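Trainee: Those sequence lines, one after another, are chains A and B.
Residue 94 in the numbering used here sits at position 94 of the first sequence, and the numbers go up by one each step.
Residue 368 in the numbering used here sits at position 368 of the second sequence, and the numbers go up by one each step.
Heads up, a few of these hints could be off.
[As the list claims (entries may be wrong)] Per the computed footprint, the stretches of chain B lying under chain A, defined by three or more beta-carbons under 8 Å from a beta-carbon of chain A, are:
(1) 44–57
(2) 191–203
(3) 207–217
(4) 419–427
(5) 705–715
[Unchecked claim] Once the Cα atoms are required to be at most 30 Å apart in a straight line, the calculated DSBU-like pairs of lysine-lysine come out as:
(6) K118(A) with K76(B)
(7) K409(B) with K319(B)
(8) K319(B) with K143(A)
[Claimed, not checked] Per label pair, the in silico range of CB-to-CB distance:
(9) D80(A) with K475(B): 56 to 62 Å
(10) A14(A) with K475(B): 58 to 64 Å
(11) T41(A) with V99(B): 28 to 34 Å
It should be emphasised that the hints constitute simulated quantities derived from the structure, not laboratory data.
Computed from a predicted structure; not experimentally measured.
All C-beta atoms in this analysis are idealised placements derived from N, C-alpha and C, irrespective of residue type, glycine included.
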Amino acid sequence: MLVKVAVNGEKHEAEVEPRLLLVHLIRENLRLTGTHIGCDTSHCGACTVLLDGRPVKSCTVFAVQAHGREITTVEGLEQDGKLHPLQEGFMAEHGLQCGYCTPGMLMTGVAFLKKHPKPTEDEIRWAISGNLCRCTGYVNIVKAVQHAAAKIQGGA
Amino acid sequence: MAPKTTPEVGGMGHSIKRKEDPRFIRGKGTYVDDVVLPGMLYLDIVRSPFAHAKIKKIDSTKALAIPGVLAVITGKDLEKYNLHWMPTLMSDTQMVLPVEKVMYQAQEVAAVLATTRYGAADGVAAVEVEYEPLPVVVDPKKALEPGAPVLRTDKKDKKDNHIWHWEWGNKADTDRAFTEADVTVKQDIYIPRIHVASIETCGCVAHWDKVQDKLTVWMTTQAPHAIRTVFALVAGHVGLEEHKIRVISPDIGGGFGGKVPVYPGYVIAVAASVLTGKPVKWIEDRMENLQADSFARDYHITAELAAKKDGTLTALRIKTLADHGYTDAAANPSKFPAGLFHVCTGSYDLKAAHVEVDGAYTNKPPGGIAYRCSFRVTEAVHTIERMTDLMAHQLGIDPAEFRIKNFIKPEQFPYKSALGWEYDSGNYAGALRKAMDTIGYADLRREQAEKRQRGELMGIGISSFTEIVGAGPSKHFDILGLKMFDSCEIRVHPTGKAIARFGTKSQGQGHETTYAQILAEELGIPAKDIKVEEGDTDTAPYGLGTYASRSTPVAGAAAAVASRKILDKARKIAAHLLEAAPEDLVYEPGKFSVKGTPDRSKTIQDIAFAAYTNHPQGMEAGLEAVSYYDPPNLTYPFGSYICVVDIDKGTGEVKVRRFVAIDDCGNIINPMIVEGQVHGGLSMGFAPALYEEISYDEIGNVQGGSFIDYLLPTAVETPKWETGNTVTPSPHHPLGAKGVGESATVGAPAAIANAVVDALWHLGVRHVDIPITPPKIWRLLREKGITE
Numbered sequence: 001m002l003v004k005v006a007v008n009g010e011k012h013e014a015e016v017e018p019r020l021l022l023v024h025l026i027r028e029n030l031r032l033t034g035t036h037i038g039c040d041t042s043h044c045g046a047c048t049v050l051l052d053g054r055p056v057k058s059c060t061v062f063a064v065q066a067h068g069r070e071i072t073t074v075e076g077l078e079q080d081g082k083l084h085p086l087q088e089g090f091m092a093e094h095g096l097q098c099g100y101c102t103p104g105m106l107m108t109g110v111a112f113l114k115k116h117p118k119p120t121e122d123e124i125r126w127a128i129s130g131n132l133c134r135c136t137g138y139v140n141i142v143k144a145v146q147h148a149a150a151k152i153q154g155g156a
Numbered sequence: 001m002a003p004k005t006t007p008e009v010g011g012m013g014h015s016i017k018r019k020e021d022p023r024f025i026r027g028k029g030t031y032v033d034d035v036v037l038p039g040m041l042y043l044d045i046v047r048s049p050f051a052h053a054k055i056k057k058i059d060s061t062k063a064l065a066i067p068g069v070l071a072v073i074t075g076k077d078l079e080k081y082n083l084h085w086m087p088t089l090m091s092d093t094q095m096v097l098p099v100e101k102v103m104y105q106a107q108e109v110a111a112v113l114a115t116t117r118y119g120a121a122d123g124v125a126a127v128e129v130e131y132e133p134l135p136v137v138v139d140p141k142k143a144l145e146p147g148a149p150v151l152r153t154d155k156k157d158k159k160d161n162h163i164w165h166w167e168w169g170n171k172a173d174t175d176r177a178f179t180e181a182d183v184t185v186k187q188d189i190y191i192p193r194i195h196v197a198s199i200e201t202c203g204c205v206a207h208w209d210k211v212q213d214k215l216t217v218w219m220t221t222q223a224p225h226a227i228r229t230v231f232a233l234v235a236g237h238v239g240l241e242e243h244k245i246r247v248i249s250p251d252i253g254g255g256f257g258g259k260v261p262v263y264p265g266y267v268i269a270v271a272a273s274v275l276t277g278k279p280v281k282w283i284e285d286r287m288e289n290l291q292a293d294s295f296a297r298d299y300h301i302t303a304e305l306a307a308k309k310d311g312t313l314t315a316l317r318i319k320t321l322a323d324h325g326y327t328d329a330a331a332n333p334s335k336f337p338a339g340l341f342h343v344c345t346g347s348y349d350l351k352a353a354h355v356e357v358d359g360a361y362t363n364k365p366p367g368g369i370a371y372r373c374s375f376r377v378t379e380a381v382h383t384i385e386r387m388t389d390l391m392a393h394q395l396g397i398d399p400a401e402f403r404i405k406n407f408i409k410p411e412q413f414p415y416k417s418a419l420g421w422e423y424d425s426g427n428y429a430g431a432l433r434k435a436m437d438t439i440g441y442a443d444l445r446r447e448q449a450e451k452r453q454r455g456e457l458m459g460i461g462i463s464s465f466t467e468i469v470g471a472g473p474s475k476h477f478d479i480l481g482l483k484m485f486d487s488c489e490i491r492v493h494p495t496g497k498a499i500a501r502f503g504t505k506s507q508g509q510g511h512e513t514t515y516a517q518i519l520a521e522e523l524g525i526p527a528k529d530i531k532v533e534e535g536d537t538d539t540a541p542y543g544l545g546t547y548a549s550r551s552t553p554v555a556g557a558a559a560a561v562a563s564r565k566i567l568d569k570a571r572k573i574a575a576h577l578l579e580a581a582p583e584d585l586v587y588e589p590g591k592f593s594v595k596g597t598p599d600r601s602k603t604i605q606d607i608a609f610a611a612y613t614n615h616p617q618g619m620e621a622g623l624e625a626v627s628y629y630d631p632p633n634l635t636y637p638f639g640s641y642i643c644v645v646d647i648d649k650g651t652g653e654v655k656v657r658r659f660v661a662i663d664d665c666g667n668i669i670n671p672m673i674v675e676g677q678v679h680g681g682l683s684m685g686f687a688p689a690l691y692e693e694i695s696y697d698e699i700g701n702v703q704g705g706s707f708i709d710y711l712l713p714t715a716v717e718t719p720k721w722e723t724g725n726t727v728t729p730s731p732h733h734p735l736g737a738k739g740v741g742e743s744a745t746v747g748a749p750a751a752i753a754n755a756v757v758d759a760l761w762h763l764g765v766r767h768v769d770i771p772i773t774p775p776k777i778w779r780l781l782r783e784k785g786i787t788e
C-alpha cells in the first residue's frame, strides 16, 4: 500500500505492507532512529511521536493509519538550530541518563505543555506516566518539564 | 569541600552539564538497533512454550517456504561446529540452541534468518516443533529433595540438582555466640526473582567480513573487552581468533547488570554472519528480554541474629538457597559463587558470623546477575537491615538508637569485618543522624503514636547500608580468570586538548562527562577540551567493564594514575622550558611555576605543545600515558535512608509519603550526576520493594513476562526523593571516591520493608516479603480483622 506522510515538515511516500508499524516506517524506511522501541505492549512510551500534534505510541499505530497526516519526531523539535525549551530543560535539569526513553518523554512533554502551559507537579507526573524511565527516578524529568514551562511562559 | 578548579576547567565537585546530552536530546544517539549495514539480514528466535521438554522434531519446511526466509538454524547445525553449548561466566554450561531438550519456558529452540525483520518473525511463527513434555521442577527446595527429577542430564554422573555449596566465616564461634546469646531472632526472607528491564532490550549486529577476515559485533554489552575474549575462547577453533574480533558497544539504553552476560542470541547472530558472510541483526523484544535474559536475586534466606540483653549485637547466621535456573549463569567474580553476599554483617560491629549458600538447578531461565547491585549485596543488605530492625523491635528499642549503638564507629576504620572484609572508611552514625534531622524523626514518631491511637497505619523504616564496590583487587577478583583491573589511556594533543579511552562502558552513568572531570581535576585541562571514548575494543585499552559500581573506583582511579604519569613527564618538560630543576617547580592544576617566582610558569597547554615541538633532547616526544589500575582494596560507600509509609486499610496499598536518602560515596566528581544516580537507584530499590516480581506456576509458566504484569513504576507511583550527602573519602582511592551507581538500589528496599513492618508490628506482623503488594497486605489485614 502507498502511504504518504509529512514527517517533521518533509513529505515522504513509501510502498508498505499493511501491517507495517508506524515506528518501523519512521525508523527503518525513513531512517529517523531517534524514535525508539522499548516494549511490545505499548507500556513504555519510548516510541512516542506526534501524529497531527497528538502524542501516539508509534508501535501501536500502523503506518497506513498515518496516511495523509503529519508526524513530528524528536528530530523535528529543534528549529533553525534552536532547541525546543523542553530539550534545553532536559539538559539543564539532568533529566536524562541513558537517553533511551528521552525522545518519547520529550514528545509527550511537548504535547502536554501545549495544552497545559502552567502545569502542577502532579499534572506533569500523570502526563508522563505512559513513558517509562529506568534511570532517573523521574524527579529531574519533572523538573525539566517545569523548566520548559517557565521558559515558554517567559516568552523564550 | 570547595572545588580545586574553576567552573571553566570543571574538575571534581562541579555540576557541569553532560557531554552526552546534546546527541540524546536530539535523537542522535546510536544504539544497537540504529546500526544498519548494506545487505543486513535479520535473526529472530523460536522459543519453547514448555519449561521442560524433549525436542522430538523441528520442521522448517513451512518457514523456509516464506519469501525472504533464508535459513532455520537449530542446535544440530551448531553442534557440527561444537557451538551448541557455551560456557557461562560461572564456568557452568549453557545451551546456545538445544539438541535434545529445553529447560525453561521461552528458551531458544531455533533461529530464523530472513531478509527483513517481519519476514524473520513470520518464519518463527511457521517453524513447527514437536515436544514431549518432561516433569518440571520449579521450587528449588523440591529440586534438592531426594527423588527429584535430575535436570542436567547433559552432565555425566550428575545425580541431583545441587550446583554448589559455599560457606564463609567461623561456624564454631558463631554457634557459640548463639548459645550464649540473651536474645535471638530468626526469620525466613525470600528475595524474589526480578529483572533489570532496561528500557533498551538486548541485541547485536554481527558482521563477518570475509575479505578483511574480521568480525565486528555491535552489541549491548557492559563489558566489551571481556566479551571479545569470551568469543575468542568459544569460537577460536572455528577461526574467530581474538585479533580478528572487534566488539563495539555503542550507546547503551540502560544496563544495570543485564548486559553483562553473553546470551544465546548474540552467539547465533555471530554464527549466522560467519556462515552467510552477511551482517546479521538480532534484537530481542521485551517479552524475550523479561522471560529469557538473566534474572536477578531469587534467594531463599533463613537468617538468625543474636544479641545481649542490653541490645549489643553479637552474631549473625545465615543459610540460603539460591535458585539459579537451569544453569549457573551469574556474573560474579570466579572465587565467589554467591557474590559478595558475605558483606551481610553490614554496618554493625558483629563479632561472629557464618553464612552458607547452596545453589540449585530448576526449570527456569539462568542468571543470578545483579540488578543495579554489585554481586548479591542487595540480598545481604536486605537481610541484615531486616534482621536488625526485627531485633530492635523485639527488644523494644528504637531502631535508630539501636543502629547507632551497634554501628562500627568512625575510629574503628579500617575495620575488619567478622567475614573478612576490610572496610575502608565510614561514619555511619553521621549519615543516620543527618537523615533523622532531615526527615524530622522525633516528630514522625510522635505522629505515628497519635495515629496508632486512632487506628491509622503509619510506619517509619530505616536502612543503614554498607555497600562494597570497586571489584576488585587482583589477588581475589577475576572473571573467568581475567583479573578485575580497569584502564585508562590518555593522549594529550599538541594544542593541549586530549582524548582519554577507558576499558569501561557507560550505560547512562555519564562517563564522558565524569571521566573528563577527573582529567580536568588532575591535569587542569578544561573538561570541555577532553574527549572520552569507551566501548570499542579496537581502540580502548583492555578493561573488565562497567557493572557493580566499579567504574569510578577502578577506571576512575586509572584516570587519576594515568594523569599523574602525564604530569611526571610534563614536569620535566616544564623544567626544560623554564630552565629550572624539576624539583624546583610547583604544580597547581594546569600550571607549573618556579618555586618563589610564580610569574615564571608554563601551562599544561604550553607543555603539551612543547612535548611535540620542543621536547628535551634524550626524552621521547609526545604526552601520553596508560594505567591498568589494580585496586588495593574495595571501596565501601554507605548511607542511611528513612522512609515513611501510610497503609490504606481499604486496599492494602502502601504509600511512600516521604523518603530521605543520605548517601556517602566519598569525594564527589559531579554532584548533579551523583544525585541523578541516587534518584535512579532509589527508584530501582522502590520498584522491587513494592511492584516487581517474576514468578512461575507449577508447570513453569512465567508470570511477569511482559510489561503487562511486570510492573515498572511510573512517575505517578515513584516518590519524590529527598537526597543529601555526607563525605567520608576512601583512604586508598587516588581521588578519595567510592562509587555510587548502585548504593540506593541496595539500600532502599529494606527501608520500605522496615517501614511496612513498623506500621504493622503492633498487630503482630514480624515480616513481609517484597514485593509488598496491595493483595499481600490486604490479606494480612484481613487476618488481623482490621480491613476497612
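Trainee: Now look at each hint and say whether the structure bears it out.
Mentor: Status of the hints after comparison with the structure:
no.: 1; hint: 44–57; verdict: violated (count 0)
no.: 2; hint: 191–203; verdict: holds (count 6)
no.: 3; hint: 207–217; verdict: violated (count 0)
no.: 4; hint: 419–427; verdict: violated (count 0)
no.: 5; hint: 705–715; verdict: holds (count 6)
no.: 6; hint: K118(A) with K76(B); verdict: 62 Å, violated
no.: 7; hint: K409(B) with K319(B); verdict: 28 Å, holds
no.: 8; hint: K319(B) with K143(A); verdict: 45 Å, violated
no.: 9; hint: D80(A) with K475(B): 56 to 62 Å; verdict: 59 Å, holds
no.: 10; hint: A14(A) with K475(B): 58 to 64 Å; verdict: 60 Å, holds
no.: 11; hint: T41(A) with V99(B): 28 to 34 Å; verdict: 33 Å, holds
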